[in-house]
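Take the two lone chains and join them into the complex the hints point to.
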Amino acid sequence: MYEQKMQPHKLPQQLPFQARVFNKMIKSNLLKKPIINATIGLSMGFSILSLAVINFTPTPAAANEPVVNLYSYRQPFLIKPLLDEFTKQTTIKVNVVFAKKGMLEKIRAAGNNNPADAVLTTDIGRLNALSQAGVLKPVRSKILEANIPANLRQKDGLWFALTTRARVVFASVDRVKPGEITTLADLASPKAKGRLCLRSGKHAYNIALIASVIANDGQQAAEKWLRGLKSNLARKPQGNDRAQAKAIYQGQCDIALANTYYMGKMITEKKKTEQNDWAKSIRVQFLDQNGRGQHVNISGAAVTKTAKHGEQAIKLLEFLSGKKAQSIYAAENFEYPVNPSVKPSKLVQSWGDFKADSIAIEEIAKYRAAASKLVDKVGFNDGPSS
Amino acid sequence: MSSSLPHQTSSPETGRWFGLCSSNIKSYLRKNVFNGWALGTWVLAALVATPIIAVIALAFAPSEDIWPHLASTVLWKYISTTLLLMTGVGFGTVVIGTATAWLVTMCRFPGQKIFNWALLLPLAVPAYVLAFVITDQLEYAGLLQTALRAIFEWNSPKDYWFPEIRSLGGAITVMTLVLYPYVYLLARAAFLEQSVCALEVSRTLGHGPWSSFYKIALPLARPAIVVGVTLALMETLNDFGTVDFFAVNTFTAGIYDVWLNMNSRSGAAQLSTVLLLFVLVLIGLERAHRHGRKFHHTTTKFQELPSYLLQGARAWAAFIFCLIPVLLGFILPAAVLLNYASIYYQDTLDANYVTIVGNSLGLAGISAVISVTIGLFMAYGVRISRTPLIKIAARFASIGYAIPGAILAVGVMIPLGAVDQGLSNLFIDTFGFTSSLVLGSTVFAVIFAYSVRFLALSFGTLEASLGKITNNMDGAARTLGLTAGQTLKRVHFPLVRGSLLTAGLLVFVDVMKELPLTLILRPFNFDTLATFVYQYASDELLEESALGALTIVAAGIIPVILLTWRIVQTRTVRAPTEMQMKPNP
Chain A
2 MYEQKMQPHK LPQQLPFQAR VFNKMIKSNL LKKPIINATI GLSMGFSILS LAVINFTPTP
62 AAANEPVVNL YSYRQPFLIK PLLDEFTKQT TIKVNVVFAK KGMLEKIRAA GNNNPADAVL
122 TTDIGRLNAL SQAGVLKPVR SKILEANIPA NLRQKDGLWF ALTTRARVVF ASVDRVKPGE
182 ITTLADLASP KAKGRLCLRS GKHAYNIALI ASVIANDGQQ AAEKWLRGLK SNLARKPQGN
242 DRAQAKAIYQ GQCDIALANT YYMGKMITEK KKTEQNDWAK SIRVQFLDQN GRGQHVNISG
302 AAVTKTAKHG EQAIKLLEFL SGKKAQSIYA AENFEYPVNP SVKPSKLVQS WGDFKADSIA
362 IEEIAKYRAA ASKLVDKVGF NDGPSS
Chain B
19 MSSSLPHQTS SPETGRWFGL CSSNIKSYLR KNVFNGWALG TWVLAALVAT PIIAVIALAF
79 APSEDIWPHL ASTVLWKYIS TTLLLMTGVG FGTVVIGTAT AWLVTMCRFP GQKIFNWALL
139 LPLAVPAYVL AFVITDQLEY AGLLQTALRA IFEWNSPKDY WFPEIRSLGG AITVMTLVLY
199 PYVYLLARAA FLEQSVCALE VSRTLGHGPW SSFYKIALPL ARPAIVVGVT LALMETLNDF
259 GTVDFFAVNT FTAGIYDVWL NMNSRSGAAQ LSTVLLLFVL VLIGLERAHR HGRKFHHTTT
319 KFQELPSYLL QGARAWAAFI FCLIPVLLGF ILPAAVLLNY ASIYYQDTLD ANYVTIVGNS
379 LGLAGISAVI SVTIGLFMAY GVRISRTPLI KIAARFASIG YAIPGAILAV GVMIPLGAVD
439 QGLSNLFIDT FGFTSSLVLG STVFAVIFAY SVRFLALSFG TLEASLGKIT NNMDGAARTL
499 GLTAGQTLKR VHFPLVRGSL LTAGLLVFVD VMKELPLTLI LRPFNFDTLA TFVYQYASDE
559 LLEESALGAL TIVAAGIIPV ILLTWRIVQT RTVRAPTEMQ MKPNP
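In the order they appear, the protein sequences are chains A and B.
Plus 1 on top of the position in the first sequence (first one is 1) and you've got our numbering.
Plus 18 on top of the position in the second sequence (first one is 1) and you've got our numbering.
The shape of chain B in the complex, shown without the other chains (with noise of 0.2 Å):
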């Protein structure tokens, strides 16, 4: 189109105007539409956008005025909630994570090489069958309770203290316990690729150990601390189960009330983009905080990291702090399990176990190659992209994380319905007979909605990462004649591959745990663990489906000694110069 333009001009001075204008806009529209990596961002954007974009449309849709209702009873009442459940879960999964990170990396003590993987551990265990398993140990009923009333002699709850556990506090606990596994999977990999130099200086410049840890190597790894704790919050926001399970009112449990108590369904998504616009302000309130500093490192000289040797009190103090977390969030949860599976294992063997372990297996493996694609392409299209407007778009993509999982499935189906009617309709018109399903209720729409919620996994860990590197490599390359394509491959590839396999297999063991979505999505007779699990867990009788929790957890582990080993591997592949200086022997 446009290229014809000049030739349609009579006058060489509007001609070269003409000329002028066209190519601008030529070079515009290249770099910034018609270029393949921009065009493929804004097109997955719109697309993993849709259902949240359905979300908000669902919102205007007319219906009965919610919120004077909700204004004079329970709103503040879920806002003071979540924000408490918020507030408590980032200081929660901040310290535990962080600590712990930098007490495996950087100093020696017993244990700690076993520490190294074991504190990822909890990832693996669903929140609610945590909440389950201590809630059944530790309520007035549970066996600690009861234990200290028959040593006390106690009869009554009128005659002890003990803090009740379906409460705000068991929720934080548990929600921490859970999900501070991101925030040490992040921390630890910025340690372990932080630069020795700055911290060496620091301590040539009087610092100790601990005002070094805050002054230097913690707002260092800022960056990656904050992509953790925004999963974790992230994920504490979308949290139904739990906070059910807990009796805790938030904002999430409100919308679940507000449609299906009050059958508003317009109501459920008006909160929902409340919730949403929540999470942007957020987000940008974090980024505008940074003002723009970026964190790629200035030199490239890696040395072994240095580590401290703890010795008596400390290095104990050091063990316990390390072994809290796994042993409440990992072996006691494992050991229940284990215990209930082993009387409870045959019903779970009747129902096509193998089946249901293989769909567990392939839709997940499935979603974490596709989550990875999408999430590497957006990124990497975000970062040569000249127009911020794009990065807007990807971080509004990447935001389906914080709705809940039922609400997000409202969200996918009703575009895939209606491309559905829309082909069925055509099929009709065309050839006579219709099309039926394509999209929707098949494994298809499965798969498009963990693509969904899982953008902000895989692109928030691979936007962190080539973050780190800096732009003057794209430079250097570029100016030797790659495309960008080929700067990608062999350039960023191999510097992110590492943060590939951690996004890959986040969303891993997340889609094993995923239930609202599968659960509605899933076609008929289609049952992967976690919503068989559902089916008894949903009347509180985990102990029959034992079996397949454990199953959920035992798959999980596998990523994570995958995770450990990658992370060992980090600091080998990111220190190319050191390993080629090695002489030959």
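Pulled out of the complex, with its shape left as it was, chain A reads as follows (with noise of 0.2 Å):
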């Protein structure tokens, strides 16, 4: 071949250098046409055919299938075994999608094409946000009247709330006395020092604890009160309410902020012994039982305004209300049942009855944005040392 026995310095001079690469390239065999051809094509053929088939899989629209697509802000493993009893009673099936963030954006993006007929969430919050941007729509029905006593509802019937949980303190049963600390503003007193660890003061559901002191106290006595928890810190706020537990359990503090069906999670951990043995070592208490009494949270659903589907949605709604339901909310989930005539499960009943801060749920809501305020003028996140 002539290339082959070619040197390149035997060129002709005048001709640049590259011109004399470029060609060798046209001749070498780096550019077998039909072999780059057929990678691009190939690849382009393969992603294309994906592309339809993925896409145009048959996805539930039709207005008169018996479904109910659901955004959830709650995790599926969570949610799972009950919405398989649901359609095990109703034969309607549940679409879900799961994120914590974003929801409302698709909601309203996606305008009348909306597909979501029904939002499941924890945390006051994002209920009020969904309400407040006008994304749902007011349900009126008995069986969720009959379930849900008036205070865990919105009075338009825009949401429900499906479980309460008690945001309360875990303290120490081998270093913290029976007695010494009940009410937030213990956890704001010198005895408290260096002993408290929280998670960060920005999570939803210390957001709403501070937006409930904010709306029973004042926004001044608040602040005085936020302060006196961060100077307490026994750590920077971190972690879950599990890692508190953890961190009483191996003395890095005394007390901390958790819900309560962390407690039941950690007592019944079959494969993960070592949490038996942090719950071991908590006492739940209760907080301000003489005075207004303990801040609770909710879980909650609604529907939305633009529901292809609002029969099926208000039905599971109806269902997530019901006995059954509730029944299995408190036995795997250790919240507490906002139907009257079902019982926490015995786990949490042996914590004991606790009387709930009477302040509409509602109210609380409304100030939050001025809580997540206080909590960066306190300089909350930084911890005890600034």
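Do not take every clue at face value.
Said to hold, decoys possible - Take a look, some chain A residues computed to stay more than 12 Å from chain B by CB distance:
| hint | residue |
| --- | --- |
| 1 | Y72 |
| 2 | T91 |
| 3 | L145 |
| 4 | E146 |
| 5 | N217 |
| 6 | G219 |
| 7 | S232 |
| 8 | A280 |
| 9 | A357 |
Unchecked claim - Only part of the chain A face toward chain B is listed, based on derived beta-carbon distances under 10 Å:
| hint | residue |
| --- | --- |
| 10 | F78 |
| 11 | P82 |
| 12 | A100 |
| 13 | E106 |
| 14 | K107 |
| 15 | G112 |
| 16 | A189 |
| 17 | P191 |
| 18 | G240 |
| 19 | N241 |
| 20 | C254 |
| 21 | S346 |
| 22 | L348 |
| 23 | R369 |
| 24 | V376 |
Calculated from the structure, these hints are not laboratory results.
Being a predicted model, the structure only gives us computed values, none of them experimental.
By construction, the Cβ of each residue, glycine as well, lies at the ideal position given by its N, Cα and C atoms.
Dropping the structure here:
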């Protein structure tokens, strides 16, 4: 072959070397066009084909189909037993997307095309944001009204609480005397100095708690209280509620604020048995029992304004507030059922009854932004040192 | 239109003038607008930039002014924390990435062949997984400290000092460990492609190996290292999972707080816009500092790279220096995940594991092909275009990588939702029934979002790669009668083929790990490995989904092996003249 005998330095010198390289490449086997073309063609073809296959697999759209399309802020593994039971009873299928952010924006951006019929959330803040954005439909249902006490549903039927959760004190059995810490004020008092652990002040659960203090005691008192809380921290706010229990067990701190159901989960944990020990080192203490009562938050559900399967969505809500579902909530998730005819699980009952703060839950939601700003102002998340 | 202009003129004077003018306009339009490449690049840039523009537009929506509150409380903290985080991660990735790349390319020491590819492995580990594992092992209640307390009979945290794991330092460590492979990958490719001549000249002129590295190799590899560290820093900026886990208050954490706790969508968009401006300024500064210097090779003489044989203490030092990032960034998390997975595999297997893996692989593969196609088209369009405007447009479009994922998701759903509503109105008007959802809440939306987010990876890699090819090549090809398209196919394509693979595989690995966009934009009953892992990881229950996380890591190893193979190929592909000089046997 010509180019195999040819030495590069023997090429005419007046040609720029790039042209020589180019000449070489044109002739070289690097540029086997069929291979390149086939590669491009195959990959493009593959991608278009797969796109078509994935994108046009049947999606639930028709209005008369027995389905509910659900946007869930709750993890699928938590709600799956409930939804399976619902489908078994009613033959209505439930399609789910789980996400913790952006659902409101998704409903809004889709406008009339919004595919979600119902929304399932934790924390009053999200329900409130949805209702304020005007994407919820008022629901009137005899069943819902019978199952859920009036203070746990929005008065126009925009949303309904399905469970309540108490944010209580986890106190070290060994290092905290009974009766030593019994109020939110105690947590901010000098006797808790250097003994308190907490998850981030910006977490929705803590924001709601701080908002409830603002709603009850006013902005100034709340700021003083939060500063006290901050000065009592044993470490920078971090981890989830379970991590606070671990820290108490390990002796890093003596008291923490946490939701009760974490206690239930740690006690009954089968595989991570070390969590049983964490739970054993902790006592559940309800707060402000001689005052305004224990702060509670809710998980709830709502039907969207543009729901295509509104009837089925209401059925789902009715089911979730009914005896069967409420018992599952109580037994599997250790939350407090809203339905008065269903008792909390035996384990939860063993921590005793408590008086809940009677303030309207919507009132708390109003102060969430103020609470978040207060956390900034106090520099709560910077921890005890600053 | 313009072609009819000369015929309308009466006098020859004006006719010539018009003709001249119109032909100028025509040639301008042909070169910059109607030219397929330029037009295509404009259209693609506009499409990809739509979500970014949507976010910026959202910032101008009337809303409560959040700035006085932020400025008087946490804004400076957000800014200083973010700058410290970026400085730390930038420094860490450059040092580890460049030094290890140099060691494995230029030196011989025990394990060098293995480190060659093993150093890429941490790329496959999602940052939040590493954060979880490292915290689990090192925090107060973790294995190490518990053991220390048992040995030294300490009882409480007051008895001894140990660095706080959930801290800025922890976040810098974790992000450096998972992001240095970007720098390593690109620096190594640059070192492999370097001309030995420059190094030899430097050595003849009396520079030692260290001095040659600093004065010659490092400056020549600068564009590649900059691309790598830019990607690493953009990923640092958009991260929420890791900083949230480490309780570090970065700018991005602030964006989510304003959005979700203060319920101000446009406030969050305003903060995001500031973040974008910051990134644009950084990129602009770096470009300005280069003073338009070009970095393509002036010679095509490629020889075997020399390799310095390291011995004794030096060999051990090199070995340990390369081992530490692999050990902490890959072996540790993989081992911990494997351990968890051996206990908790059942839940994962029960949950349609095969479908979920299929979804992840399918999405990653499709997105890689699409991203690389768009990236190559745009990089080439920018290269052959004469107006700098198009370059700015392309750069702007590829900035989506720096926007926090959930915010970008909002930016994606706004235009898609609008198109869907327009379509369904049109359908109702013309056919009497609604078209329902065509784009939003479909896999299309997810893939579109990936294309927006990961354009920086494909466009950046390919632009850098095309930049190394001298313009004389284009000139020669075009003089010899090839069209722009033929030139791309016959000249550039073979030369950047390796980089195409690199870009594709980077996108593939990143899509496998991607969480916020997938989570928010996916359709009903559709899970990927990342979203499946998240439902547990969001409550710090990584153990339960360890098999899923392990699969993400494992799926990332395949591209890593391909990448290694391609790096080794680079030098042979790059030296066509030498190959042909060998006489026939």
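Original post:
Can you list which hints this structure breaks, lowest number first?
Top reply: Hints 1, 11, 16, 17, 21, 22 contradicted; others consistent.
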